[in-house]
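Colleague: From first to last, the protein sequence lines are chains A and B.
Numbering of the first sequence is given in this note's numbering, commencing with residue 1 and proceeding in unit increments.
Numbering of the second sequence is given in this note's numbering, commencing with residue 1001 and proceeding in unit increments.
Mixed in with the good hints, there may be bad ones.
Claimed, not checked - Chain B stretches covered by chain A per the calculated footprint, using a threshold of three residues with CB under 8 Å from any CB of chain A:
(1) 1083–1094
(2) 1156–1170
To be verified - Using C-beta positions, here's what the derived DEER-type ranges look like:
(3) A/1 with B/1231: 44 to 54 Å
(4) B/1198 with A/7: 11 to 21 Å
(5) B/1187 with A/68: 22 to 32 Å
(6) A/32 with B/1160: 49 to 59 Å
(7) A/75 with B/1104: 35 to 45 Å
(8) A/31 with B/1128: 13 to 23 Å
(9) B/1160 with A/108: 16 to 26 Å
(10) B/1186 with A/6: 42 to 52 Å
(11) B/1191 with A/44: 20 to 30 Å
(12) B/1191 with A/6: 50 to 60 Å
(13) A/5 with B/1215: 23 to 33 Å
What the hints contain is simulated information worked out from the structure, not anything from laboratory work.
All values derive from a computational prediction rather than experimental measurement.
Just so you know, even glycine gets a beta-carbon here, dropped at the ideal spot from N, CA and C.
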Amino acid sequence: MSIELWLAVAVSAIGTLLMRVVPFLWMQRRLGSDTGINTMPQWLGILGPLMIAAVLGVSIMPVNPSTVSWLATAIGLSITLIIWWRLRSLGWPVAAGVAAFGLVEIVATL
Amino acid sequence: MNQLASHSPWRSALQGVREAIPLLGGYIPVALSFGLVASQAGFSTFEATAISTLIYAGASQFLFVGMIVTGAPLWLVVAMTLLINVRHVVYGPNLAELLPRSRHWPWLMHGLTDQVFALALTRLPQLPEIKRFSWFVGSSLLAWGVWIVGTAVGATAGEAFTARWPLLGEIMPFALPALFLTMVAPRFTNKRWAAAMGCTILAALGLTLSGWSNVAIPLAAACGALCFYTVKFQTRSQPS
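With the rest of the complex left out, here is chain A (with noise of 0.2 Å):
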């Protein structure tokens, strides 16, 4: 990579990090200060949530879409919920939504 290339990632990298670091530690100081303010604004605990969810819907798309991928996307899905909603942990639904959808897409090579 030429030296323009290099400056190009590092000015990506550190604005990048920018966005990351700096509205945390604005919204620490501003928690922690007299001055400041007390609690989270609302709309910024609203919007924390569905950031998530929209990660979710990206997230959704199989990597080949096709009809046996959506299928074993919606299955794997369904059992994730299944098992989430007996156990209301984070791991073994995960575990059990991968298993069902690999199940599925191992079963439609055969």
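Here the structure of chain A is known, so what remains is to put chain B in place on it, guided by the hints.
Modeller: Chain B in isolation, oriented as in the chain A frame:
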């Protein structure tokens, strides 16, 4: 006092590592793909790994490499990379209340990706305050490390790897939607939240299907917020 005495930062960090393991199902295939794409675009293994180490933001790294290959001007490459990552601006403030103050945040926040944010926002409120810092260090460092190693492996042996186990690259990424589903599911007990969440998920999926995956997260979240503030459910009045 007892909690303080019995607290082990290593144990909390290991808990973070353990709880971040489901994220790797999504990280490994994408990191391998990035390494492969970067090496095919003419970047060396060292350069591809350096991009993953320094920028550490999946979608924007693919865009960065793709635009460089097409010969786009560098200022535009940097501008587009930063534009895609601008969604990270709302992640930090959401975690500010949950994490203790530390002089290490300026470099630790480098690990705040979409997935780490989602996991942290769900798990941190459930953990005692004393464990949170170490938990975040453990989970974010594991994700970052795997991303870097995955890129290096992808750049050196990605082609052979995907040819040998083609199905693995399709199955492992399913860990991400499964994990995020378990994170958003508790919100579906409330009608207003269920409507906003449902609207967000459908909007994000629709935007991704239409090829707008780079802006799907902030746009879909904005749709969900609009839905949250505009759709009101009437509560049934109790008979007197």
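Colleague: Each hint needs a verdict: does it hold in this structure or not?
Modeller: Here's how the hints hold up against the structure:
1. 1083–1094: It holds: at least three residues are needed, and the stretch 1083–1094 of chain B offers 10 whose Cβ sits within less than 8 Å of chain A.
2. 1156–1170: holds (count 3)
3. A/1 with B/1231: 44 to 54 Å: holds, 50 Å
4. B/1198 with A/7: 11 to 21 Å: Since residue 1198 of chain B and residue 7 of chain A have Cβ atoms about 44 Å apart, the given range 11 to 21 Å is violated.
5. B/1187 with A/68: 22 to 32 Å: holds, 30 Å
6. A/32 with B/1160: 49 to 59 Å: Distance hint for residue 32 of chain A, residue 1160 of chain B holds at roughly 52 Å.
7. A/75 with B/1104: 35 to 45 Å: Because 43 Å falls inside the window, the suggested range holds.
8. A/31 with B/1128: 13 to 23 Å: Hint holds: Cβ distance 19 Å, inside 13 to 23 Å.
9. B/1160 with A/108: 16 to 26 Å: holds, 25 Å
10. B/1186 with A/6: 42 to 52 Å: holds, 45 Å
11. B/1191 with A/44: 20 to 30 Å: holds, 22 Å
12. B/1191 with A/6: 50 to 60 Å: With a Cβ separation near 52 Å, residue 1191 of chain B and residue 6 of chain A satisfy 50 to 60 Å, so the hint holds.
13. A/5 with B/1215: 23 to 33 Å: The hint (23 to 33 Å, Cβ to Cβ) holds, given that residue 5 of chain A and residue 1215 of chain B are roughly 25 Å apart.
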